[in-house]
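Using the sequences and the hints, build the whole thing.
Chains as they are written, first to last, in the numbering used here: chain A, 1 to 95; chain B, 1 to 399.
Just so you know, these hints were derived from the structure itself, not from any lab.
One thing to keep in mind: the hints can contain errors.
[Said to hold, decoys possible] With the C-beta cut set under 7 Å, the calculated list includes, among others, these residues of chain A facing chain B:
{"id": "1", "residue": "C29"}
{"id": "2", "residue": "E31"}
{"id": "3", "residue": "Q45"}
{"id": "4", "residue": "A48"}
{"id": "5", "residue": "V68"}
{"id": "6", "residue": "P75"}
{"id": "7", "residue": "F82"}
[What the hints assert, rightly or not] Here are the simulated distance ranges between beta carbons:
{"id": "8", "chain 1": "A", "residue 1": "P88", "chain 2": "B", "residue 2": "D227", "range": "35 to 43 Å"}
{"id": "9", "chain 1": "B", "residue 1": "L11", "chain 2": "A", "residue 2": "G21", "range": "16 to 24 Å"}
{"id": "10", "chain 1": "B", "residue 1": "V155", "chain 2": "A", "residue 2": "P88", "range": "23 to 31 Å"}
Note that the structure is predicted; figures quoted are calculated from it, not measured.
All C-beta atoms, glycine included, are put in the ideal place defined by N, C-alpha and C.
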Amino acid sequence: MVTAKEFLCRCEDITMDDCRGAIHEGYSCFEDLKRFLGVGTGPCQGKACVSACMRLVADERGLPIEAVDVMTFRPPVRPVSFATLAAPDQTGDRP
Amino acid sequence: MTGSADVPLPLIAPQAGPKKDRYEVVVIGGGAIGLAIAYELAKLGLTDVLVLDKDSLVKGATGRNGGGVRAQWTSTENIQLAQRSITAFKNFAAETGHNSFFRQGGYLFLTRSEPQMQALTKAAAFQNTHGVRTRVIALEEATRIVPGLHTGGCVGATFNPDDAVLFPWPLVWGWKEAAEKLGVEVLTFAHATGFEVSGSRITAVRTNRGTIGCTWVVNAAGAWSRDLARLVGLELPVKPERHEILVSEPLKPFLGPMLVDLSNGYYVNQDMRGELVGGLGTHTEESMEWHSSLEFAREFAKTTVRLLPRLGPVRVLRQWAGSYDKTPDAKPILGVAETGPINLVQANGFSGHGMMISPMVGRLTAQLIAGQKTDLDLRRFALERFSRGELEADPMVIG
Ligand SMILES: Cc1cc2nc3c(=O)[nH]c(=O)nc-3n(C[C@H](O)[C@H](O)[C@H](O)COP(=O)(O)OP(=O)(O)OC[C@H]3O[C@@H](n4cnc5c(N)ncnc54)[C@H](O)[C@@H]3O)c2cc1C
Ligand code: FES
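Structural data, given as structure tokens:
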């Protein structure tokens with residue numbers, strides 16, 4: 001039988017099953033999954049996948065979602081080019 | 001008895017505590033250093049080993065570093081540790097089943113000052129005597145090695161084709177799993193908070209998961225190692241120093257070597273995911289606080305577009321910071337300190353280059369504990385060199 005792949009983190013090509021498998025191998029908190037599979041490290045920096053991954057950890061481990069660790073969101077909020085950052089007299093990304 | 005109050009155990013932590021109440025060796029710190037030591041101990045047949053980390057793994061410096069591995073140093077100690085570690089990294093995937101994405105694209109150092117060029121030339125000759133294939137190269141050759149490189153303002157360069165980059169995260173998982181397979185236990189969210197001492201020995205490590213008896217203790221606590229040693233009244237000249245770093249969006253492979261501009265300690269490499277990863281030797285301070293600054297991102301970006309103007313449109317995805325564990329001579333502290341407990345082994349003070357020498361530090365420390373002759377003389381790394389004033393700094397520290 002062929003099952004459709006359900007993606008958890010599209011940026012990094014990680015499926016729900018990849019993640020489930022890792023949780024059961026002992027990569028059992030969000031920070032582990034980030035550093036083992038790369039969840040949340042793609043171009044969207046986790047905006048599209050972090051909550052889903054936390055939910056999965058909670059479900060697989062039978063924990064309340066509040067108990068699951070969340071990754072540290074880091075700057076910049078949106079990707080900023082080297083040219084913008086290097087421009088004189090400008091303090092941030094202006095679209 | 002020394003120690004502090006218990007640290008609560010979060011629900012997300014593995015709830016089971018240590019399997020036993022006593023181990024031959026308790027390693028404090030589950031970064032590249034602590035886990036390399038545990039793995040090498042197990043390879044020597046010492047498998048009654050517990051590794052403790054106060055957090056989940058890969059959250060210390062090992063999870064935050066630039067991935068650079070090089071033998072271009074100016075002290076015999078650093079060259080020997082790095083050279084032998086490069087050989088070990090080549091076998092890492094075969095030994096552990098984890099791909100560290102080790103890639104030997106070389107390290108290219110650029111300098112903008114004549115006196116520094118003379119120093120680099122001398123360093124290259126010295127490295128050659130150790131079998132490191134560093135060459136002084138013309139700026140035209142640098143431009144061939146790094147297409148699109150602008151060398152205006154530079155006076156010269158050196159290149160060692162055998163230097164490398166790797167992805168630090170899999171190192172930790174690889175050593176952890178390989179060590180566990182051999183019988184080592186790794187316990188996360190286990191905070192060492194004190195020691196029980198009898199005479200000149202530590203008899204047990206106090207943790208938030210109970211008191212654990214031991215024959216040997218290893219201080220592999222990275223930037224926290226000074227605090228840990230203080231729990232037994234031992235003072236290490238190790239200072240935490242905050243360093244920033246960033247990563248770009250992924251690009252097609254174009255950058256072979258780690259590129260270094262010595263004028264501000266700028267370094268950048270392209271990892272196997274295609275991202276550019278890099279940092280600076282500036283914007284550092286003594287701190288365990290890891291905020292990211294716009295000033296850092298801007299200076300990094302300015303240096304990037306000065307050296308590689310065509311990277312202007314490339315976007316920064318993420319920046320972060322971590323702490324070096326810095327010693328006055330930028331060399332690690334290894335072995336048992338004369339003034340501390342006789343069963344407390346130091347493996348800290350890596351001054352921003354601990355990951356690249358972790359295989360060799362693991363091996364030497366394991367040999368010491370197993371009572372074997374160590375491959376290199378550990379006395380050169382003794383804590384006592386600081387009080388005896390036998391310091392010879394290695395000026396090739398960057399980032
Ligand atoms: C921005 C940056 C860039 C770098 N670039 C490079 C590079 O290119 N190449 C290179 O080789 N090196 C680089 N380094 C240095 C390198 O990361 C470190 O030297 C190396 O990772 C040290 O490993 P470690 O295991 O000693 O420390 P860590 O990885 O920090 O591990 C120490 C561990 O000890 C744990 N711990 C601390 N106190 C306790 C306690 N009381 N109880 C239990 N656990 C405890 C911590 O949680 C931590 O996990 C860089 C560092 C930084 C910050
Ligand atoms: S979907 Fe996971 S990082 Fe973008």
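Right, here's what the structure says about each hint:
1. C29: 5 Å, holds
2. E31: 5 Å, holds
3. Q45: 6 Å, holds
4. A48: 14 Å, violated
5. V68: 6 Å, holds
6. P75: With a closest approach of 5 Å, the P75/A hint holds.
7. F82: 4 Å, holds
8. P88/A with D227/B: 35 to 43 Å: Roughly 42 Å apart at Cβ, these two residues keep to the hinted range, so it holds.
9. L11/B with G21/A: 16 to 24 Å: Given range 16 to 24 Å: holds, Cβ gap about 22 Å.
10. V155/B with P88/A: 23 to 31 Å: With a Cβ separation near 26 Å, V155/B and P88/A satisfy 23 to 31 Å, so the hint holds.
Consistency note: the structure conflicts with earlier hint 4 alone.
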